[in-house]
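In the order they appear, the protein sequences are chains B and L.
Taking our numbering, I'd label the letters of the first sequence as residues 1 to 484.
Taking our numbering, I'd label the letters of the second sequence as residues 1 to 101.
In case anyone wonders, no lab produced these hints; they're calculated from the structure.
Heads up, the beta-carbon is just placed ideally off N, CA and C, and yes, glycines get one too.
A couple of the hints might just be wrong.
To be verified - The following label-pair restraints were derived from C-beta to C-beta distances:
1. Q26(L) <-> D148(B): 24 to 32 Å
2. P51(L) <-> E303(B): 26 to 34 Å
3. T40(B) <-> D7(L): 45 to 53 Å
4. Q26(L) <-> E68(B): 55 to 63 Å
5. K272(B) <-> P51(L): 20 to 28 Å
6. E40(L) <-> K285(B): 26 to 34 Å
7. A401(B) <-> P51(L): 25 to 33 Å
8. C29(L) <-> R335(B): 28 to 36 Å
9. A53(L) <-> S280(B): 29 to 37 Å
10. V102(B) <-> Q26(L): 33 to 41 Å
What the hints assert, rightly or not - Rough simulated footprint, nothing fancy, chain B against chain L, three-plus residues with beta-carbon under 8 Å:
11. 41-50
12. 71-83
Stated by the list, open to error - Calculated Cβ distances over 10 Å to all of chain B for the following chain L residues:
13. P21
14. A25
15. D65
16. V67
17. G86
18. E87
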Amino acid sequence: MEKNLSSRTLAELASGLKAGEFSSADIVRSALDAVKTRDTEVKAFLGVNPELALREAEAADARRAKGELRSEWDGIPVGIKDNIAVKGEKLSCASKLLAPVVSPYDAMAIVNLRKFGFIPFGRLNMDEFAMGSSCENSAFQKTANPRDVSRVPGGSSGGSAAAVAAGLVPAALGSDTGGSIRQPAAFCGVVGMKPTYGRVSRYGLVAFASSLDQIGPLANSVEDAAALLAATAGADKMDCTCLPNGCDDYVAFAREGAKTPDLKGLKVGLPKEYFGSGCSPDVAKVLQDTIEKIKSLGATPVEVTLPHTKYAVAVYYIVATAEASANLARFDGIRYGDRKEGADLIDGYFKSRGAGFGSEVKRRILLGTYVLSSGYYDAYYLRAQKVRTLIRKDFTDAFKACDVMLAPVTPTVAFHFGEKSDPLQMYLSDIYTIALNLSGCCGLSLPAGTGEGGMPVGVQLMAPELGEARLFKTAAALETALRK
Amino acid sequence: MAGEKIDIGYVAQLARLELPPEQAAQLQCELENIVHYIDELAEVDVTGVEPTAHAARLFNVWREDGVGTSLPRETMLANAPETVDGELIRVPQVLPGEGSN
Chain B
1 MEKNLSSRTL
11 AELASGLKAG
21 EFSSADIVRS
31 ALDAVKTRDT
41 EVKAFLGVNP
51 ELALREAEAA
61 DARRAKGELR
71 SEWDGIPVGI
81 KDNIAVKGEK
91 LSCASKLLAP
101 VVSPYDAMAI
111 VNLRKFGFIP
121 FGRLNMDEFA
131 MGSSCENSAF
141 QKTANPRDVS
151 RVPGGSSGGS
161 AAAVAAGLVP
171 AALGSDTGGS
181 IRQPAAFCGV
191 VGMKPTYGRV
201 SRYGLVAFAS
211 SLDQIGPLAN
221 SVEDAAALLA
231 ATAGADKMDC
241 TCLPNGCDDY
251 VAFAREGAKT
261 PDLKGLKVGL
271 PKEYFGSGCS
281 PDVAKVLQDT
291 IEKIKSLGAT
301 PVEVTLPHTK
311 YAVAVYYIVA
321 TAEASANLAR
331 FDGIRYGDRK
341 EGADLIDGYF
351 KSRGAGFGSE
361 VKRRILLGTY
371 VLSSGYYDAY
381 YLRAQKVRTL
391 IRKDFTDAFK
401 ACDVMLAPVT
411 PTVAFHFGEK
421 SDPLQMYLSD
431 IYTIALNLSG
441 CCGLSLPAGT
451 GEGGMPVGVQ
461 LMAPELGEAR
471 LFKTAAALET
481 ALRK
Chain L
1 MAGEKIDIGY
11 VAQLARLELP
21 PEQAAQLQCE
31 LENIVHYIDE
41 LAEVDVTGVE
51 PTAHAARLFN
61 VWREDGVGTS
71 LPRETMLANA
81 PETVDGELIR
91 VPQVLPGEGS
101 N
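The shape of chain L in the complex, shown without the other chains (with noise of 0.2 Å):
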């Protein structure tokens, strides 16, 4: 991969997040060091080696079926961008068609 060149666009798009052209040329350059860098994991023997995803001992963790509580509506829809009425999140148009609401 080494000397591998960034296809940034790509990856925003893959991320969705709006790179104005001067800040992805920028990034590019970076993202492109810090790659050439970590390229040198590649002399690591990881034959036979397990990976690891976690640093805690993972195991399944039950808890009792029961019914409980939640937070009210309105505190969870307090931080809502725009809502409908208080009771429901406004969202962007999402199928194209006429108009919204």
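Next comes chain B alone, as it looks inside the complex (with noise of 0.2 Å):
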């Protein structure tokens, strides 16, 4: 059966477009029928613009006709997560509070995405503000896993990475705070990436955790995830923490990594506090078989370490909390959102953020304001920073004696519905992810194998800043080489 074009890898899709098999409009047409019938039941689109996909589908199929094309992907419809601007569609971060808002501008981004004739589509369902790691934290709807759907698609880009797995987009935008993008990617079976830390402008991406917050794209391969990246990153006057340094050519190592699968030379560092017994016989299972593949490809193992692993999760949700606490201090229904009328000002403030904000939100703004409350921001929140100094030492360290890491993403496959019901169990599924986003270097979940139900599995590589290049062609010759 011919696999649907919404379904399909970017690369496919450029070469069909530049061979005149389909259109762009014919793509967006697949997805706009994927969203109608196969979400119905994954539930991964808070919303999607018909006319408004299919009249920048036109446009570009009217470029591709005139020979004045944007690039090779001119004309692909992209997911976006519901926390990044698209100028006149809405930005709810799955939130009540935010459910009326309508962007008044692009995300540096979409403004990247779109000099690339890459299309925005629809809005992605997540983790309310991005905070959660199931996807059933939104205040609107619970996402499934196209995988199976009793089970989560992980989060909070669970909207896009059950999007690209079930085929409604053939790629899709997230953002990564904690590992928001790489899990949902491993839970779902497909390709996510954390850029360093300022790859990517955060102008117009709804602040979380500014100083861990990255957007980062999901797709149906690693080529597919580097041309996203290419499209995206680069820098940006209007954000100031994002990186003046130049991209290297993404797709290029990339290519280069899939068409010569040989990783002869490379020291691969396997951190062994990752490797203890927090991870489930499956998931340790395709971890070693990747190791033997890597060695098969001419790589050596070597062990490394990361002494201050089992710090990282404390030491995140402080720090997380914290700058929570501060930038969510801004949503109070007075410039913007669902106001709720009080008995006075301050009054309608409590009201307004009471009813809008969902109970992972308010934990998270209650952790974050007591962490720096008087009297505790010494023991707490200038401690934790103590000690993400020491857990960005480990990654500089560890990466002296090797090129890239090698990882678990989670320590299980997905989870059901409602299984994880405490929240401190929930942040520690996290402990896998959260340590790169503390140390601002990059990294990228590759689907390796099958675990406990048939689940997909996935297996972090990790490299240091600006360390892209590398991440994409040692990740594309492993992606290559498993597929055999």
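Got two chains here, separate frames each, mind docking them using the hints?
Next comes the structure, spelled out in structure tokens:
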């Protein structure tokens, strides 16, 4: 059976468009059909704008006819997480408080994406304000894992991962603050990548934890993820934390890795703290098989150490919630959002925020407020920032002994709805992804096998800051070898 | 700090969050569990360690001091819950006094 256009890789779509086998409008219609049919069960999209998407597709087809292509991917739709601003589209962050809000402008990642001709398509579900690991914290709907709809897709970019895995869109953008791209990618069996902190502008990304947030791609292949990063990354005067460094040709590195899967001379670090008893046997087995695969490609595994790993969850939930409590203070129902009337101005803040935020968001705002409050600041927030320094140093030291690191993404395959009702247990499931955000380095989740219940298992490759080219080349080589 | 009780009402006051009583009780219990867990940071020796506030190497960024265009007023006011003739955001009364408007 021929694959739906919306479920193909960007590379397949680019070559089909070039050969005139189908048009951009055909791809968008295929995505719209998939949203109307398959997505009634998966529920990845909060909404789509069919007229707008088709209009943009027709404009792309017209550019192609005139030979004025913006890139080889001109006219391909990309799903967008609901915390990234797209002009004229809703920007709710899956929160009741922001339900009425429409973006007045495009995020810089979207501006860049359009320069390549990609079409921003629809609003993808997420945990409210990107706080969660299962998408169960969305105020509007629960997204299901397309591989088994009784299980969660992961989070917080669960809609993005599920949409790509279900073939609703060929690729999507998500955001990763503590694993929110890599973990759902692993749960749904797609490629998900967190760039180096500052590689993609955060202008127009609704802030959760500003020192950790990064926009990144979810896609069907490493090459596709590289293409989306190439189309979104780069310096931006609107975000002073955005890195001024030029971008490598990510797609060329990914293609080279896929064409010649040879990792001779590459030292692959295995952080021993990630290989303990915390991993379930099925995930550990896929990881061991992947190590054998890496060896067969000529790479040398070396044991490395990240000694402060056990503190990463605690540091993260102090730093991220402290930043969130400050960032989310702006949502008071005055200038935008769902305003609730109170007895006076201040009471209105309490009512708007009390009614608008879901319980996980409240929990994190309260925790962040607590660790920043007088008398606790030094013991929690300041101490966490110091331990963060030690965690960053762990990564710097480890990368002196290896070129990339290989680790699990998650301790288990995707869990069932309602399985993790205790918030702390949910936080602890982020153990393998959050240290990377604290370090600022880049990482990628690659589907590498299946585990319990036939569910996908991802492996995580990590590279130093601005090591994206090496990361894509290594991941593409491994991806090619795993497909054989 | 181990085993410390959290005054959830006070923290919610700081965060300007209205919490129904049953939600406050549950959140307090969950927060105490989480704080108990993050207390493990107390065992790390951080003597002489500088705090890290950011993952990026922060440096000052300058831009041209030139006149630019901004977004139109109607675009920016489109999301306001209430406006005054589409020109201003109408906010709840800030200072106590007679009536509003």
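Exercise for the section: Please name the hints from earlier in the document that this structure breaks, with their numbers sorted from lowest to highest. Expected result: none
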